[in-house]
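Peer 1: The primary structure of each chain is shown beneath.
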Amino acid sequence: MSRARVPGVEATATKGWLRAHRFLVLRRLSQLLVVALFMTAPLLGVAVLDGSLAASRILGVVPLSDPLVLAQTLAAGHWPASTALVGAAIVLGFYALLGGRAYCAWVCPVNVATDAAAWLHARLGLPPGWQPPRATRRWLVVVALVLSALTGTVVWELVNPVTLVHRGLVFGIGLTWAVVAAVFLFDLLVSRHGWCGRLCPVGATYAAVGQRALVRIRADARAACDDCLDCVAVCPEPQVIMPVLKGEARGVPPVIVDADCTACGRCVDVCAKHVFHLGTRLVPRAPADRTRAANTVPRGTHRDAGGIRP
Amino acid sequence: MSTDRRPRSAASRRRFLGDVARGAGAAVLLGAGLGLHARRSAALAPTALRPPGALAEEAFQAACLRCGLCVRDCPYPTLRLAGLDEDVTPGTPYFVARSAPCEMCDDLPCVAACPSGALSPSLTDVNDARMGVAVLVDQETCLNFLGLRCDVCHRVCPLIDEAITLERTHNTRTGKHARFLPTVHADACTGCGKCEQACVLEEAAIKVLPRSLAKGELGRHYRLGWEEKARNQGEALVPGIMDLPDRMPGSGGGS
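Chains D and Z are the protein sequences, given in the same order.
By the count of the numbering used here, the first sequence reaches residue 310 at its end, each step adding exactly one.
By the count of the numbering used here, the second sequence reaches residue 1255 at its end, each step adding exactly one.
So that you can see chain D by itself, here it is in the shape it has in the complex:
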């Protein structure tokens, strides 16, 4: 269990560091950009984005609001002004189209901390610790809404690390680092992939939003897979990969449609065989030719692979 497996070594050797970390770098830039755009108002006096991840404004005009925050407001008994409703509709439309949990991988600032924790966790070969089912986060959505109704307040925002951290960064208010440290230590010492993968109801909400999202990770070249399992080792939601990667025999399309996939693209990065790529769920790509003959049937059947539980 405690083999300190380092995914991506082979990919780095064959593809070069940049190609083997392309999506990681792009995501960090994206996450940085989101915070930077929110900082233009206080620093430059020009508000590209203004407010926080709970609700904001693009260029002082286009409203955005977080669907879970809005749902809690509704549950707490407040019918919001139209600005917030329009803002939520825009956000819902955007993520419904472009991939719900892309929010987690490309926007959420907490993801940086949980990725760091996962990285260190793998290097140290620590035990997984407390592993509540991944569905717990969906139950927490329900709990947040019920508690909002019972207490009459937007209850999850009292503890929501996503908005607390973002607000802390953008407004410079205290104890942000305590929140970051708490989530980091939780993921490192208490529960591997614990926060984003099991508890965070914000991610669960965006997953629900992105059930039919267009942009997806595809595994068109899955026949080239050499079963190194680097993708599974690096994936924050490893359960989404195997059914597709080993699903050719069962006629599963080569698209990771599971809404839990955050489209982080790390599987694309760490695969030395170019199995994965970022695409859409629509375009059926012609199956890659080079493989079939060389790699016959995958060594692990999908049942075995499914046995690799987080």
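Fair warning: there could be bad hints in the mix.
[To be verified] Chain D residues, not near chain Z, derived (Cβ > 12 Å throughout):
1) L32
2) L33
3) L92
4) A221
5) D226
6) E248
[Claimed, not checked] Coverage of chain Z stretches by chain D, computed from C-beta distances (three or more under 8 Å per stretch; other residues unrestricted):
7) 1022-1029
8) 1056-1064
[Said to hold, decoys possible] Simulated restraints on C-beta separations:
9) Z:A1043 - D:V190: 23 to 31 Å
10) Z:R1155 - D:F94: 50 to 58 Å
11) Z:A1021 - D:A182: 50 to 58 Å
12) D:P128 - Z:A1021: 17 to 25 Å
To be clear, the hints were calculated from the coordinates, so they are not data collected in a lab.
Here a beta-carbon is modelled for each residue, glycine too, at the ideal position from N, C-alpha and C.
We have chain D; now place chain Z onto it with these hints.
Peer 2: Then chain Z, alone, in the frame of chain D:
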């Protein structure tokens, strides 16, 4: 949610149900802690005032999205966004009158910025804002009460002679001077806090308090006789009550 998670065999169904139970259990446990935390953090520090147009605190807690747009659009260093280490619900806007009062902008930029209506768009005239109410909490240190002519709170009041008036009374200490007592009229006071900020004392003698804390409330069935008489062409509220003869001082009693 996705179809490939549906259990197929009895064993996997058992595991599925077990997972559901574990997930729900963990969520309820976390929720219970959160619920207790929510009850405690709903209390608002009495020095923290909400921006103009804010709904009553209970409704505000439900309505505020914690986005900070009002804070961004406040042109003064007045509005702050509560952090985790303050006695204000995290992410909600507030101001402290003594350090930075509301400057009562005519165009109400904070209200215009609010996407949720937690700062109610029905507020269009800042003079109708009711952020709190000024109370002269300490007559023993107020310079005007001591017989001096400080008058600062009166002078800085944006609604001078409406929200704060100076009421002239006899100075019984000297026997020959007047005292000009700053007197707040709650029906006009917006609770902006200019008076509290300007009070020259080390600790302000006049403070803006949340209305719920500062104001008394008459029983709903109370009727003020003199008002009823004025409304009733000088007649008493209940006609035909027998008027007993008044006993004058020194008249020696007897009916």
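Peer 1: So, for every hint listed, does it hold in this structure?
Peer 2: Checked hints:
1. Against chain Z, the non-interface label of D:L32 holds: every CB pair exceeds 12 Å, the least being about 20 Å.
2. The claim that D:L33 is not at the interface with chain Z holds, since no C-beta of that chain comes within 12 Å of its own (minimum 19 Å).
3. Non-interface call for D:L92 relative to chain Z: holds, since the shortest CB-CB distance, roughly 15 Å, exceeds 12 Å.
4. The beta carbon of D:A221 sits about 21 Å from the closest Cβ of chain Z, which is more than 12 Å, so the claim that it is off the interface holds.
5. Against the 12 Å criterion, D:D226 stays outside the reach of chain Z, whose nearest CB is about 24 Å from its own CB.
6. Against the 12 Å criterion, D:E248 stays outside the reach of chain Z, whose nearest CB is about 15 Å from its own CB.
7. Counting residues of the region 1022-1029 of chain Z whose CB falls under 8 Å from any CB of chain D gives 6; the rule of at least 3 is met.
8. Proximity of the region 1056-1064 of chain Z to chain D, defined as three or more residues with a beta carbon under 8 Å from a beta carbon of that chain, is established by the 6 residues found.
9. For the hinted restraint 23 to 31 Å between Z:A1043 and D:V190, the CB-CB distance of approximately 30 Å keeps it satisfied.
10. Look at Z:R1155 against D:F94: about 53 Å separates their beta carbons, and that is inside 50 to 58 Å.
11. Distance hint check for Z:A1021 and D:A182: the Cβ-Cβ separation is about 27 Å, which falls outside the suggested range of 50 to 58 Å.
12. D:P128 and Z:A1021 have their C-beta atoms about 20 Å apart, which keeps the hinted 17 to 25 Å range intact.
In summary, the structure is inconsistent with hint 11 from the numbered list given earlier, while agreeing with all the others.
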